[in-house]
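The whole structure should be built from the sequences, with the hints applied where relevant.
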Amino acid sequence: MLKIKNLHASVEGKQILKGIDLEVNAGEVHAIMGPNGSGKSTLASVLAGRDNYHVDEGEVTFLNKNLLDLSPEDRAREGLFLAFQYPVEIPGVSSTNFLKTAVNQIREYRGLEPLDAVSFLKIIKEKMKIFDIDQSLLSRSVNEGFSGGEKKRNEIFQMAVLDPKLSILDETDSGLDIDALKIVANGLNRLKNKDNAIIVVTHYQRLLNYIIPDYVHVLVNGKIVKSGGKQLALDLEEKGYDWVKEESDQMA
Amino acid sequence: MSKDTQILEELTSKEYEYGWSSDLEADEAPKGLNEDIIRIISSKKDEPQWLLDWRLKAFRHWQTLKEPRWPNVTYPEINYQDMIYYSAPVQKVAPESLDDVDPELKATFEKLGISLQEQKILTGVAVDVVLDSVSVATTFKDKLGELGIIFSSFSDAVKEHPELVKKYLGSVVPATDNYFAALNSAVFSDGSFCYIPKGVRCPMELSTYFRINAANTGQFERTLIIADEGSYVSYLEGCTAPMRDENQLHAAVVEIHAAKDAEVKYSTIQNWYPGDKNGKGGIYNFVTKRGICYGDNSKISWTQVETGAAITWKYPSCILKGDNSIGEFYSVAVTNNYQQADTGTKMIHIGKNTKSRIVSKGVSAGRGQNSYRGLVKVLKRATNARNFSQCDSLLMGSNCGAHTFPYIEINNSTAQVEHEATTSKIGEDQIFYCNQRGISTEDAVALIVNGYAKEVLKQLPMEFAVEAQKLLALTLEGSVG
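Protein sequence lines correspond, in order, to chains A and B.
Residue numbers for the first sequence follow the working numbering, beginning at 202 and rising by one.
Residue numbers for the second sequence follow the working numbering, beginning at 85 and rising by one.
For the record, the hints were derived by calculation from the structure and aren't laboratory data.
For glycine and all other residues, C-beta sits at the position ideal for the given N, C-alpha and C.
Check before you lean on any hint, since a few could be wrong.
[Stated by the list, open to error] Selected chain B positions facing chain A (in silico; Cβ < 8 Å):
no., residue
1, D513
2, F516
3, Y517
4, D527
5, G535
Quick look at the structure:
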């Protein structure tokens, strides 16, 4: 589904990603872990096509298309979803209106008829149940006045509504209390199927107690220095990141 | 180049949608302005002597005035002698029904999206269309007539209800009020007149569309709305004009009189031609709008969506004379490319327990300059007056400007006046967030701007709120690539 080859990227002239290789297939859950400043969020932003992130070298293909050629909105329409680390507030725009616009633009891109209000609301209500989201959210402005936890939950709710092929969760666990974390994780597990994939970008492994990753990658200083299974996350939790850093320094 | 800068740079590609002019034969007065021209206008319209005298008095006063230069706008000097002050589409015989209306004229209406026939049935809106200067057709007159509501062209009102016109004309905006009001009083060609009798709630939105059609014509329409005791009316005005290279002047006057317990809601969707992307052409919209809450417990509410015109100079105001009366002003003003707007309101508290509320939302894009100018004045006897003002500005790009000029004069210590102001920019973050959900940048901007203006848009009657939302999106369309 996603193939990243030798990806180098910089922000304001500063090189952050220094040759990432990663392959994600349908049905898989990948965790990308790493210390602060290692480039985890930069990777998420580059994949989503955020402005000011410059790709210096490398290739990314998504569903056999050159991802880097696509505009951010077309990446989304192709089925790439980013759950933001810091979800953005849009005052005066109701969540319903926002999501309906998004759903219908994605449908239009795929040559489908727009959903009418009734069928749209039906889908919304279904998904709200999965994430235990209060109906009042629909009439509230997007993320405005939401607590940190509410914002994160709202991201996952949007993901459920848009039904992406590949979801990148950027530090979704930060700001969630344990109950909210469980709700989010349970919801994610229900959304997960053999046709979609999830990349969990996180500093801690606690979310990974609930969403079991097939692969764990450790990102240090813009490079994946170690990959492994679920056990790697547990090792990191126990020993911290320093031993991986040391290992990679020795290799270099 | 950041996305915001791109938005700014590309703001230029949006074309004005109503930019055509129809080849109607026009009956025009010669260019220029003098007492003879005023006599021509008055006689063309078969006016009584008192009205001609009123016009001439206004004209003589106008000659003593100087054009106001205090607004925060710049434009070359206007040559008032180089304009045509009267232009009526020629109709051979007065039409008996819509079927007799000039087909070319009807086509014009259709381009405007006002098919009179359909509009009657579909929207339940009574429309009085003022094309150039003469009111061409008034629908629903009969149905409204059953309730005693008078809704007609100004000229017809002069003929049919001279006592009402004579009593109220100039009672809220005197002929001597200001430069453009005096000019309008001297040369106004037509407009709308509306009277709602005691205790009657007008069952439909009353609506007028103005359109400047002929070249070199200024449009000087005059609207007078009288809401008698305990009555209610919601009135909507829409405006468009063809694209022309030269600037055209529009100097209208609107007067509203609300008697005891009466309520008037006046909504405007102003979409005059704004000029091209280099600032050539466009309408100068110099308008005086004022209402008086004359009786106790009366209410006047202004809502305006201003997206057009090269220059907008207007301050729909409320004189809160009656005790417990309420004045409201809700405004969204968009300036794009080289548009300039200096707009706001005046709330004059005279009666006891009077309340006013001001919500102004400016949007500046391109090289647009947007100024809010508002006065809240509490007179000595206005015990317990309350005002709340909120003035927000939204900036797109870095070549535009937003300015706020609030004036507050308080002469009664029991008054409570609050003023809040914010300035924000459409963030790249917001646009990217929308993009990441599959929403195009253009639609993201429309969504964000409409969200920002929501508090004002929700004041509009439902069907017009939708129209206004589309218009906002359209005005900023092409602002992004």
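Enumerate the violated hints, using their earlier numbering and listing them in ascending order. none
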